[in-house]
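If you read the sequences in order, they're chains A and B.
Going by the working numbering, 123 is the number at position 121 of the first sequence; the sequence numbering is gapless.
Going by the working numbering, 401 is the number at position 400 of the second sequence; the sequence numbering is gapless.
The set of hints was computed from the structure by calculation and includes no laboratory data.
Note that CB positions come from ideal geometry on N, CA and C, so glycine has one too.
Please note that the accuracy of each hint is not assured.
[Claimed, not checked] Subject to a maximum C-alpha distance of 16 Å in a straight line, what follows is the list of computed EDC-like cross-link-like pairs (lysine to aspartate or glutamate):
#  : chain 1 : residue 1 : chain 2 : residue 2
1  : A       : 12        : A       : 76
2  : A       : 121       : A       : 58
3  : B       : 41        : A       : 122
4  : B       : 41        : A       : 129
5  : B       : 570       : B       : 658
6  : B       : 199       : B       : 108
7  : B       : 406       : B       : 322
8  : B       : 203       : B       : 333
9  : A       : 12        : A       : 81
10 : B       : 368       : B       : 318
11 : B       : 666       : A       : 129
12 : B       : 41        : A       : 81
[As the list claims (entries may be wrong)] Ranges between beta-carbon positions, derived for each pair:
#  : chain 1 : residue 1 : chain 2 : residue 2 : range
13 : A       : 66        : B       : 467       : 40 to 50 Å
14 : B       : 433       : A       : 76        : 51 to 61 Å
15 : B       : 453       : A       : 92        : 50 to 60 Å
16 : A       : 157       : B       : 663       : 20 to 30 Å
17 : A       : 71        : B       : 96        : 18 to 28 Å
18 : A       : 133       : B       : 419       : 43 to 53 Å
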Amino acid sequence: MAESRSISLKVNGVSYHEDVEVRMTLADFLRHSLELTGTHIGCEHGVCGACTVLVDGRSVRSCLMLAIQANGREVTTIEGVAPSPTELHPIQQALREHHGLQCGFCTPGVVMTLLEFLKDCPNPTEEEVRVAISGNLCRCTGYQGIVDAVLAVAGGKRA
Amino acid sequence: MSPPGRAKGEYQSAQREGTPVSLIGASVPRLEDEPLLRGKGRFIDDLHMPGMLEAAFVRSPYAHALVLAIRKDAALAIEGVHAVLVRDDLLPYLRNEYMVVGLPSKDYKQDLNRPALPADEAVHVGQPVAMVIADNRYIAEDAAALVEVDWGPLAAVGDCKAALSADAPKAHRGSPHNLLAEFIMGYGDVDARFAAAKHVFKEQYWQHRGGSHSIECRGTVAVHDGNDGRLTVWTSTQMPHAAQRILCDMLGFDENAVRVVTPDVGGGFGPKLVFYPEDVCVAIGAMIMGRPVKWIEDRLEHFVATTQERDQYWEAEAAVDADGRLLAIRGEVIHDHGAYTARGVNLPYNSAEQIAIGYELPAYRMKVRVALTNKVAVTPVRGAGHPQGVFVMERLLDRIARELKLDRAEVRRRNLVPANKMPYQTGVKSRGGIAIVLDSGDYPRCQEDALVRAGWSDFPPRQAEARKAGRYLGIGIGNFVKGTGRGPFETVTVRIGPSGRILVHTGAAAMGQSTKTMLAQIVCEQLGGDMTNITVVAGDTGTVATGMGGSNSRQAVLAGSSAHTASVKVRNKLIKVASHLLEVGEQDLEIEGRSVLVKGADIKVDFAKVAGAVAGTAGYSLPGGVEPGLEATDSVVIDSMTYANGTAVAEVEVDIETGAVHIVKLVFVHDCGRILHPMIVEGQLLGGIAHGIGNALFEWMRYDDDGQPLCGTLADYLLVTATEMPSIELAHHESPTPLNPLGIKGVGECGVIPIAPAVISAVEDALAPFGARITRTPITPSDIVAMVTPRKT
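Between the sequences and the hints, there should be enough to build the whole structure, so can you do that?
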């Protein structure tokens, strides 16, 4: 068996203490150990962005980070975004209204990227939105609905 | 660009018949969205079962090699490894070790179906030769690396044109040659037309389309119940019933013993309609282990083991009269088939067929040769060969315009099938032998609208002005006509149970195209209009006996039609039984929400009560002597395809220093018949357009001449990202088809089809001062720099 370590971390506000193999990615840890399967794996080499989560508020590719590197940190995944089981976060709501998702596989990564982006840049231009999501691949939407959704949430105007 | 929050396109729609509930034509909220947005989707890799094991595959690193020996010992020595399975281990479970999936055709010269695992010869990089089953994927991959295979490398053939030369290595050791199939499509006296033509123009083209690259890769989970012998397979497929049929054929099971279930699918785009070696291996693994087994494809595997569309070489020659009217086209195509037949010869068939539809073409002959190569099998990717045919036709028309000094759009206008000739009998037949009749539409009007929106006639002065400033602008056009809704049918059951909730079962499969919403919309249109009162189950063979699944822009047309007729039957029965319960004439009743109401009175009976009444009570008669239950199943049969059309106009700016192409604006005007859901239609088009831009400028699954892939990551195989997507103006024309009750045509593939020719035409136009002639797609920055270099030096 591969070497294991104990880690403690918070995920979506809940504290976990787990033994993990040192080689396990954060993505696999979230998906398989914590059964938070909303974080998706699309490429496992850091390009597609589907596995994006927030660690201490900053977006990371959870396929490129080891679970043990999250020791002592706070992780937010898509399951922790909506304020309640009956309400969606404004970004989620806007994606819905603007058809910013089709198959929905890339969507959790898009939402997590946008959470960070809109915090850093609350009133973006269209160009800024496009650059912000250029690290999230989507094969369904042509990105238009995603861009429209972000601009609607931000109350911004298209360039 | 239109402002956010509004529909992006403009609609030119005939007034619809008024109905009391009007969901059709409205952008109602999608049923699919809420769980997907919350991370509560249920994709294949999200399934977990007690005792589940995970698989990894040992794959060929060679494009062509003998498999001399496979030694398992080192792999089996790892703790947590349960089995290493090779062909001999599978054979006791296989009635037929080959996946017989080729569509019927008399044109095959060789039958080359894929084996579950090969006996002694691997014919492409990525072909699985052994499967490891372990406690988890990490251990399975460790062990796969320790499976020792003695390979005997053989000469391989990478390029499909080279494959047909007499001295080419054979893709399969036992094959007489690399010609898999050959056929000639055509009609009319082609050579006589050429002999009499005023002008003849000949070109050669090379085209490439690459992979599907759904963001979710493939995956399969299988459970075998040792007590009743039933096998359940969850798989990320576009065609669950086809998967069930192949599993039954290979394993010798009857269809009652095999259930295939499609979970949420993270994009299909074609290759997920194929049944794969891994699927049957996982099923047998579950039978051998007596435990659930899961396999999830990773991206590298997707590059080498999931089917693709790749290369076509074309020679095409057009004969025209003095006015640029087409008299005949003839030529030859060589199509890269890959190493096996995983679908049929439908792709090159579609490509060749495409030349002869859309424009009036008096005579046509295309010789098609399908070549085996040592690469993963080729099967449809969104568009399925049609984009290549459109590319050739549109490039030929540009050539004709240039030679005759005519406007490119004018040449097209002169040749497009005019609206007053609809329905228009073309000279070609579909691959199923059905005559292709263009059913409806006004192609010239569609083109004209696109030209106006794109500012086509104002463009030359703008272009000239920009050139003075050293900027290279270009504009290009592409038309398409696309057969959609391939029959013969799709099954839909509509049922209202005693709870009052509407349930829809269908053989159609959802992979992101909003299939559930589309069906719910059509059903609710008849059954009260409450979209929150419906559950749609798509892609579970346990619920519907027959089904076709998702391909060929077909599900709204076929499943939509069946959903409509089935829900009308349920509606009629609902009214009939309610009439009996309320003692009111049927003509005085209407359906609203979850109830049947008496018009103009405060009297109603809810669905639950009506459904309960026909669910039967022991010892009591059914009301009105009706048949039990409140449900209907329909499989509307529609053999003829319905033809969607459209025009794309692209404006680009080319940086001649870097070779970068910036798409400034893209106008897309199309006609997919009656639009069920504008937002979904636009989403389908935008996704297709993005894919088409990739095909024009970015996506290239490179292999070397020996069949070794030169791409293996999304960092070297480029998918379009948000920053490459231009401003897109969509406009919709609606010519309802007479071929189905709702007047709808398919749209799923339409966006992709005319994009490469429009973009390439625009780039060529931008580089006209350099005499650029582009006869290939994709084009890269280095291609562009090479085109401008002679003039610069």
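Status of the hints after comparison with the structure:
no.: 1; hint: A:12 <-> A:76; in the structure: holds (5 Å)
no.: 2; hint: A:121 <-> A:58; in the structure: holds (13 Å)
no.: 3; hint: B:41 <-> A:122; in the structure: violated (27 Å)
no.: 4; hint: B:41 <-> A:129; in the structure: violated (31 Å)
no.: 5; hint: B:570 <-> B:658; in the structure: violated (65 Å)
no.: 6; hint: B:199 <-> B:108; in the structure: violated (35 Å)
no.: 7; hint: B:406 <-> B:322; in the structure: holds (14 Å)
no.: 8; hint: B:203 <-> B:333; in the structure: holds (11 Å)
no.: 9; hint: A:12 <-> A:81; in the structure: holds (13 Å)
no.: 10; hint: B:368 <-> B:318; in the structure: holds (12 Å)
no.: 11; hint: B:666 <-> A:129; in the structure: holds (15 Å)
no.: 12; hint: B:41 <-> A:81; in the structure: holds (8 Å)
no.: 13; hint: A:66 <-> B:467: 40 to 50 Å; in the structure: holds (43 Å)
no.: 14; hint: B:433 <-> A:76: 51 to 61 Å; in the structure: holds (58 Å)
no.: 15; hint: B:453 <-> A:92: 50 to 60 Å; in the structure: violated (38 Å)
no.: 16; hint: A:157 <-> B:663: 20 to 30 Å; in the structure: holds (28 Å)
no.: 17; hint: A:71 <-> B:96: 18 to 28 Å; in the structure: violated (50 Å)
no.: 18; hint: A:133 <-> B:419: 43 to 53 Å; in the structure: holds (46 Å)
The structure shown violates the earlier hints numbered 3, 4, 5, 6, 15, 17.
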